[in-house]
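Q: Take a look at the letters that make up each chain.
Protein chains: 2
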Amino acid sequence: MAEQFIVTPWEVRGNIDYDKLIKDFGTEKIDGKLLERLKKHTGELHHFLRRGIYFSHRDFNWILDKFDKGEAFHLYTGRGPSGKVHVGHLTPWMFTKWLQDKFDTELWFQMTDDEKFLIKNKSLEEMNKNSYENALDVIAMGFKPNKTHIFSDIDYIKSQYKIALKVAKKTTISTVKAIFGFKDSSNIGIAFFPAIQTVPCFLPSEIYGKNIPVLIPASIDQDNYWRMARDVAEKLGYYKPAQIHGKFLPGLQGMTEDGKMSSSEEMTCVFTTDTPEMVEKKIMKFAFSGGRETIEEHRKKGGNPDVDVSYQWLTFFEEDDKKLKKIHDDYKSGSLLTGELKQILIKKLNEFLKEHQKKREKAKDKIDKFMLRD
Amino acid sequence: MAEQFIVTPWEVRGNIDYDKLIKDFGTEKIDGKLLERLKKHTGELHHFLRRGIYFSHRDFNWILDKFDKGEAFHLYTGRGPSGKVHVGHLTPWMFTKWLQDKFDTELWFQMTDDEKFLIKNKSLEEMNKNSYENALDVIAMGFKPNKTHIFSDIDYIKSQYKIALKVAKKTTISTVKAIFGFKDSSNIGIAFFPAIQTVPCFLPSEIYGKNIPVLIPASIDQDNYWRMARDVAEKLGYYKPAQIHGKFLPGLQGMTEDGKMSSSEEMTCVFTTDTPEMVEKKIMKFAFSGGRETIEEHRKKGGNPDVDVSYQWLTFFEEDDKKLKKIHDDYKSGSLLTGELKQILIKKLNEFLKEHQKKREKAKDKIDKFMLRD
Chain U
1 MAEQFIVTPW EVRGNIDYDK LIKDFGTEKI DGKLLERLKK HTGELHHFLR RGIYFSHRDF
61 NWILDKFDKG EAFHLYTGRG PSGKVHVGHL TPWMFTKWLQ DKFDTELWFQ MTDDEKFLIK
121 NKSLEEMNKN SYENALDVIA MGFKPNKTHI FSDIDYIKSQ YKIALKVAKK TTISTVKAIF
181 GFKDSSNIGI AFFPAIQTVP CFLPSEIYGK NIPVLIPASI DQDNYWRMAR DVAEKLGYYK
241 PAQIHGKFLP GLQGMTEDGK MSSSEEMTCV FTTDTPEMVE KKIMKFAFSG GRETIEEHRK
301 KGGNPDVDVS YQWLTFFEED DKKLKKIHDD YKSGSLLTGE LKQILIKKLN EFLKEHQKKR
361 EKAKDKIDKF MLRD
Chain H
1 MAEQFIVTPW EVRGNIDYDK LIKDFGTEKI DGKLLERLKK HTGELHHFLR RGIYFSHRDF
61 NWILDKFDKG EAFHLYTGRG PSGKVHVGHL TPWMFTKWLQ DKFDTELWFQ MTDDEKFLIK
121 NKSLEEMNKN SYENALDVIA MGFKPNKTHI FSDIDYIKSQ YKIALKVAKK TTISTVKAIF
181 GFKDSSNIGI AFFPAIQTVP CFLPSEIYGK NIPVLIPASI DQDNYWRMAR DVAEKLGYYK
241 PAQIHGKFLP GLQGMTEDGK MSSSEEMTCV FTTDTPEMVE KKIMKFAFSG GRETIEEHRK
301 KGGNPDVDVS YQWLTFFEED DKKLKKIHDD YKSGSLLTGE LKQILIKKLN EFLKEHQKKR
361 EKAKDKIDKF MLRD
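So the sequence lines, in the order shown, correspond to chains U and H.
Note that this note's numbering gives residue 102 to position 102 of the first sequence, counting from 1, and the numbers run on in steps of one.
Note that this note's numbering gives residue 271 to position 271 of the second sequence, counting from 1, and the numbers run on in steps of one.
Hints may be right or wrong, so weigh each one.
Heads up, the list lumps identical chains together, so a pair's fine if it works in one copy or across two of them.
Capping the alpha-carbon separation at 30 Å, the derived lysine-lysine pairs in DSS-like fashion look like this [said to hold, decoys possible]:
| hint | residue 1 | residue 2 |
| --- | --- | --- |
| 1 | K235 | K84 |
| 2 | K210 | K122 |
| 3 | K84 | K170 |
| 4 | K23 | K358 |
| 5 | K69 | K210 |
| 6 | K129 | K210 |
| 7 | K300 | K323 |
| 8 | K120 | K235 |
| 9 | K162 | K120 |
| 10 | K129 | K235 |
| 11 | K102 | K66 |
| 12 | K120 | K210 |
Hints were generated in silico from the structure; no laboratory data involved.
Use the sequences and the hints to build the structure in full.
A: In structure tokens form, the structure reads like this:
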């Protein structure tokens, strides 16, 4: 198996070795001891934790220490609204919602429309519009309206600017070149942007006038920002933000080609607004199969669920461990064919999306309750 | 005489050769033809124009062309509110007020509290507070309340951010390094800041939804920003901003030591809030003299008004050409002694400041009419 893979805030590609990422990024593995500790608070464990989909963290024990001493933490996550939301974007939000429910925390959700304008060949107006379109998907996840603050950077810049300036004053061009790989040919907006992305790590403390621990559930590709935020935090007298990292939902074409689902390729991902027919067509046509060449061979030798994208997607979307195990074993033994496995996923995903689309529609009436604007 | 001098947005030093500046910055000299043309609009010429204190421009003829065709221009100037306002800061504002009166234009006045925080060892809160303190001096100049918009960058960032992002996207780190001398060790905030300072060149066009010519009356040390603004203007479809450049009021210690009055040195400048006693003490003690060593020598050989700071200040503050000429001739002939010349300036300046301080006090009740906030 190829060992080459890339994980940066702008590119995730290849067959990702998550153990190597833990080593490279200098984070900690989520181990049995931490899961036991968490279980005492949450009663049950989210299936993303039971299955190692959330696999890495930084200072999560410290977050729980603080919580045990009565210092409630806040959650911070976000989205770069370059286009439509696909189901791969939803998985960290599902986990974030679970954390909000279990710990009854506030959530700060940053839409980085400024960043997407600065790095894409798209208009500012379109990126800003996407912030509100994408927010419907966030709201549809079921976050608590009175404890969830979603904001477009462009429309909430005044509340963020002072902290961004304080962060920027402590951050040199050298630093952002080293951390993010910027060059002298990079534009001055994207050079400044890391200061904006760190703001919500410290915003709750500013708003409440006391130091508040912040936990960031996010994919590990955003880690560069949080390392920068942690460096600056000390200099500005804030707590360092803690992180908990999830694996990427693989693209339909499979993990060996593209570890993360890319929304720029219409036919490699499932958008939250796709019709049942589109979902079926995409999965039947593109989902990388771990099955054998012929039905006879599959029946005899069995399929490989570890590389089968439909099975991998079910590890995210099928919450029932027993059902998932049966699918796994049946596929491995050969009694379940690839076409049948795909149909299981299609049914599951379409059930999920039917509900999601209903909630997304209702979210249109609730958007003002969730969105912050200056 | 030493030919070395420095003129940058952060440092103005040495005996400034203004003709060389015109060549170096690639601007145009304000010549008799332009003055004649201007006189047709204004009736009289401001004494700063009569005396060559406003000496250079870029596209001022174009501004008048547009005006003649019925396209009114707007004015843009500003201040970096690092501390108290001194009388050297007032001179461009006097000229700006004259332009507003003569052409009945709107004025956009940017307080760059963000910039000052980023480059000074001062708190953001203090710089922001200075914006409002300094605004009292601006308002005291007598600008029209319904046509004058003063704003702190920090408190008006939301209205400026979209344009700043558009400018930033078109400006590389290389460009700001070349124009402003930034290094990799510069902070990412100051690297982004030139985008903010260019915003008011284009803000009137955005607000009114049509291209509006903008004229910037400012000292020539800010020219780097406007050259950048002019480069970007074309790419974004705005008019290039025009400029008109004034000379610096020399520091009390004279032009050979410090061409621009520096407010960071308490005893080299006169603040707008100084008492008559402080003004007298400062001028008597510190104003560089063009007089002779002894009274006898002075009576015989006469003084040198060209290097005498008190006389230079009178070229800014004594509007009456005849009175000024008499002072000049009397000093040059030796009939007017340095102490007497200083007393003329002290009287003139204290009369001016008495009025200014009254208006500044009244400005406290009007500040909300002038200040924009998001």
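Q: For each hint, tell me whether it holds in the structure or not.
A: Now for the hints, and whether the structure bears them out:
In this assembly of identical chains, K235 and K84 lie within 30 Å of each other by CA distance solely across copies; the values are 29 Å between and 37 Å within a copy. In this homomeric assembly, K210 and K122 come within 30 Å of each other (Cα to Cα) only across copies, at 22 Å, whereas the closest approach inside a single copy is 39 Å. For the identical chains of this complex, K84 and K170 are inter-copy neighbours only, at 26 Å across copies versus 35 Å inside a copy, given an alpha-carbon limit of 30 Å. Taking identical chains as interchangeable, the C-alpha atoms of K23 and K358 are never at most 30 Å apart, the minima being 42 Å within one chain and 67 Å between chains.
Taking the shortest alpha-carbon separations for K69 and K210, only the intra-copy value of 15 Å comes in at or below 30 Å, while the best inter-copy value is 58 Å. Taking the shortest alpha-carbon separations for K129 and K210, only the inter-copy value of 23 Å comes in at or below 30 Å, while the best intra-copy value is 34 Å. Taking identical chains as interchangeable, the C-alpha atoms of K300 and K323 lie at most 30 Å apart only when both belong to the same chain, with a minimum of 23 Å there against 111 Å between chains. For a Cα distance limit of 30 Å, the shortest separation of K120 from K235 across copies, 17 Å, qualifies, whereas the shortest one inside one copy, 32 Å, does not.
For the homomeric pair K162 and K120, the shortest alpha-carbon distances inside one copy (26 Å) and between copies (15 Å) are both at most 30 Å. In this homomeric assembly, K129 and K235 come within 30 Å of each other (Cα to Cα) only across copies, at 23 Å, whereas the closest approach inside a single copy is 35 Å. In the homo-oligomer, the alpha carbons of K102 and K66 lie at most 30 Å apart inside one protomer (15 Å), although the nearest pairing across protomers, at 65 Å, exceeds that limit. Taking the shortest Cα distances, K120 and K210 sit within 30 Å of each other only across copies (26 Å), while inside one copy they are farther apart (37 Å).
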